[in-house]
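*Asks:* Here is what each chain is made of, one letter per residue.
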Amino acid sequence: KAGVTQTPRYLIKTRGQQVTLSCSPISGHRSVSWYQQTPGQGLQFLFEYFSETQRNKGNFPGRFSGRQFSNSRSEMNVSTLELGDSALYLCASSSAGGSRETQYFGPGTRLLVL
Amino acid sequence: AQSVSQHNHHVILSEAASLELGCNYSYGGTVNLFWYVQYPGQHLQLLLKYFSGDPLVKGIKGFEAEFIKSKFSFNLRKPSVQWSDTAEYFCAVNAADTGRRALTFGSGTRLQVQP
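Protein sequence lines correspond, in order, to chains X and P.
For the first sequence, position 18 matches number 18 in the numbering used here, and the numbering has no gaps at all.
Basically the numbering used here = 1-based index in the second sequence + 114.
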């Protein structure tokens, strides 16, 4: 079974621009979560989607948004980019979204904001 | 809200040495506990997890962890490390009593095993 895939893998943007990142979960998985990883703040939860509905959101400003499609693929969008948004953005999927389920992580999208 | 502390930021061991990485969490309710590993250039992957029952859980590659509820700890252990265990290790929790799956991660421990 193919793993979680994320596109693009690397991205360079300038301040003020917006960016959209994509995540394709493992086939059959319906739950997708997004995390931000930075050297200073570590791994932080952004949001979680299940069956196209946002179920939970982390403590991030409204510039960060996401959505999930009927095929479970998910996108996250960051508008008005700031230098501090430079990070590795990780997507994780699980089959049904229960708290005990293993979350399978993708390779991440590395975003650099100049 | 939960929080997780990993007190060892960087650990250097020789091959065959024993490993113990500390993890403490803060949360008033019931938690699910996880250890993830990130090998150089690879994805985060699950080493082991604890939900309930026997507090000693075994994971992949010879790792185990013990949940001590009274100490709010979930330390990771391996009796004899190998060079291939060089990686960054993350402890994580989520709130089992809320059913929310959002993971709260510790800051990670970078393990370097010298041959």
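In short, the hints are calculated from the structure, not lab data.
Check the hints yourself; a few may be wrong.
Unchecked claim - Only pairs whose alpha carbons sit at most 30 Å apart, straight line, appear in this in silico DSSO-like list of lysine-lysine:
#1 P:K175 / X:K57
#2 P:K163 / X:K57
#3 P:K183 / P:K172
#4 P:K163 / P:K183
#5 P:K163 / P:K175
*Asks:* Look at each hint and say if it fits the structure.
*Replies:* Outcome of the hint check:
This hinted pair does not check out: K175 (chain P) and K57 (chain X) have alpha carbons roughly 33 Å apart, beyond 30 Å. Note on K163 (chain P) and K57 (chain X): the hinted pairing holds, with a Cα-Cα distance of about 23 Å set against a maximum of 30 Å. For the given pair, K183 (chain P) sits about 17 Å from K172 (chain P) by alpha-carbon distance, which is consistent with the 30 Å threshold. Restraint check for K163 (chain P) and K183 (chain P): satisfied, since their Cα atoms lie roughly 15 Å apart, inside the 30 Å limit.
For the suggested pair K163 (chain P) and K175 (chain P), the alpha carbons sit about 14 Å apart, so the restraint of at most 30 Å is met.
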